[in-house]
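Visitor: Based on the provided sequences and hints, a complete structural model is requested.
There are 2 protein chains.
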Amino acid sequence: MYNPELDFRAAVPGMAALGVIRTPFLHAKGTPIQVAAAGNTQGVVEVYPEFAEGLKDVAGFERIWLIYLLDRASAPQLIVRPYLDDQERGVFATRSSARPNHIGISAVRLLSIEQNCLFVEGVDILDGTPLLDIKPYVPAFDHFEVARTGWYAGKSVHGATADERFEAQDAIERDS
Amino acid sequence: MYNPELDFRAAVPGMAALGVIRTPFLHAKGTPIQVAAAGNTQGVVEVYPEFAEGLKDVAGFERIWLIYLLDRASAPQLIVRPYLDDQERGVFATRSSARPNHIGISAVRLLSIEQNCLFVEGVDILDGTPLLDIKPYVPAFDHFEVARTGWYAGKSVHGATADERFEAQDAIERDS
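Protein chains in written order, with our numbering: chain A, 5 to 180; chain B, 5 to 180.
In case anyone wonders, no lab produced these hints; they're calculated from the structure.
There could be a bad hint or two in this list.
What the hints assert, rightly or not - Estimated spans, in silico, between C-beta atoms of each pair: (1) C121/B x G163/A: 36 to 42 Å; (2) G163/A x G64/B: 21 to 27 Å; (3) P17/A x D167/B: 23 to 29 Å; (4) G163/A x K159/B: 35 to 41 Å; (5) S116/B x A144/A: 23 to 29 Å; (6) D90/A x P143/B: 21 to 27 Å; (7) E118/B x Q119/A: 49 to 55 Å.
Note that the coordinates shown come from a computational prediction; the quantities given were computed from them, not determined experimentally.
Even glycine gets a Cβ: it sits at the ideal position worked out from N, Cα and C.
Guide: Encoded structure:
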């Protein structure tokens, strides 16, 4: 059914890395699987100087969305067995990195900004990850009460870390 | 300072549209500026059949993130005057569509799924927008209490709609 060779890409123009996210995590194994599992782990978002002017007023926000490329994830899989479950799930019902387009989002706490560097807390991201966007976290836009949370209901993410299941083979070999 | 000709794009592989988002909004002017302003406006996310297998288990979630390409937005501007303000702000301190990479995110309410179509409520998105990703909205990952919301503090988004300020000129001409 799924044919990754099918080319729907013509409609999506090329994207640019706007910077790089520096974190303590070199390998998927041991990386917190979400911001909620990352505690006070700190990282630095280095925005390329060409884009730094767009950081004006960002310091006023307690939390920001980082949108980034999951550049060391394995090829997309439409059915995955996520970290927090022992069942196979549709990839769009999970936050697995093995997803089409490999886009990740994390609402991290913003500690400070110095020139083009954002110091952040709660990183669940691999070191060297390409940054695609930064947005302010605004409760009116992002903060919703929900009663139904699918298969995540009752799962606890606290302290949960990743393993190599969604890591590209060449990234694993490069790491070893 | 900002030179859109600089090519950082080599590091970001091409992305594919995974589907198309159908909504009642043909033009930026009059489109709700956020989910919170969209009320019960309904839309349909048509996932291309090749990716439909990844929708397994999505129906269990009350709300989902749509990640999409703001394909009719104007060229990136690092400084913008956002809809809710009369001051110029850094684009990364706003949710303006005139941002590098033109990535939009919206946490919409999921009403139902029929085959490869997701019926959703609260759309603040133009008709025909290319879909880049779907993720489940999970409070543990997405729902944070924040005290500081920068220049958005005290602004109300209810009933706010867009105008053509961030729309590409050719999209405006095509519309007229």
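Visitor: Confirm or reject each hint.
Guide: Hint-by-hint comparison with the structure:
no.	hint	result
1	C121/B x G163/A: 36 to 42 Å	holds (38 Å)
2	G163/A x G64/B: 21 to 27 Å	holds (24 Å)
3	P17/A x D167/B: 23 to 29 Å	holds (24 Å)
4	G163/A x K159/B: 35 to 41 Å	holds (37 Å)
5	S116/B x A144/A: 23 to 29 Å	holds (26 Å)
6	D90/A x P143/B: 21 to 27 Å	holds (22 Å)
7	E118/B x Q119/A: 49 to 55 Å	holds (50 Å)
Comparing the model with each numbered hint stated earlier shows that all of them hold.
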